[in-house]
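Start from the sequences, fold in the hints, and give me the full structure.
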Amino acid sequence: GEDVEQSLFLSVREGDSSVINCTYTDSSSTYLYWYKQEPGAGLQLLTYIFSNMDMKQDQRLTVLLNKKDKHLSLRIADTQTGDSAIYFCAESEYSGGGADGLTFGKGTHLIIQP
Amino acid sequence: DSGVTQTPKHLITATGQRVTLRCSPRSGDLSVYWYQQSLDQGLQFLIQYYNGEERAKGNILERFSAQQFPDLHSELNLSSLELGDSALYFCASSLTGQLDGYTFGSGTRLTVV
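Chains as they are written, first to last, in the working numbering: chain A, 1 to 114; chain B, 1001 to 1113.
Just so you know, these hints were derived from the structure itself, not from any lab.
Among the clues, some could well be false.
[What the hints assert, rightly or not] If you only want the chain B side, here are some residues facing chain A, beta carbon under 7 Å, derived:
1. 1014
2. 1033
3. 1104
Backbone N, C-alpha and C define an ideal beta-carbon position, used for all residues, glycine too.
Printed below as a string of structure tokens:
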């Protein structure tokens, strides 16, 4: 079955870059997503990448996809205290007929040190 | 405000009871997805509806059911509740699914005592 793995915690200093990693098993994944969840809130879509892309950049966020190794990463440049949250990697496989639920990793807690 | 509205925000109920969670999707979105977030299982996809019809089932228990109404709002019914059903239940909506992403509501926190 599908599986998405992430490290549980990442601690970085304010101003440094954060790199959150994710591996997935489903080779037919078509879209891969990064979501952010702040305490007591829902999930906020940060960015996504189609499986035929290697990289996507959006302001401070850079997503790298290594399809051969089934490895996805999210780099946050100049990490700020407001970036403190849980970051979820998710994959979606389009199985036809409009069925496309997401499979999530367990989430990485990003901790910012002053 | 994401545009996806979930009610109630919090729910406390006893084991064996039945509850209904409600979701209003973002205006124009046709698909509604339900997810369960618990400490041990993480975020689990439960079920998807598209324009009133069931499209996909994930790890949804037989005690749980859902439907999507003509006005596109959706309800998730949880019955014969157990302590282990305590979790955050999220609803997400989308117009085209993968192509435009999924917008999540703030969730309903269910506590079974």
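Against the structure, the hints:
no.	hint	verdict
1	1014	violated, 25 Å
2	1033	holds, 6 Å
3	1104	holds, 4 Å
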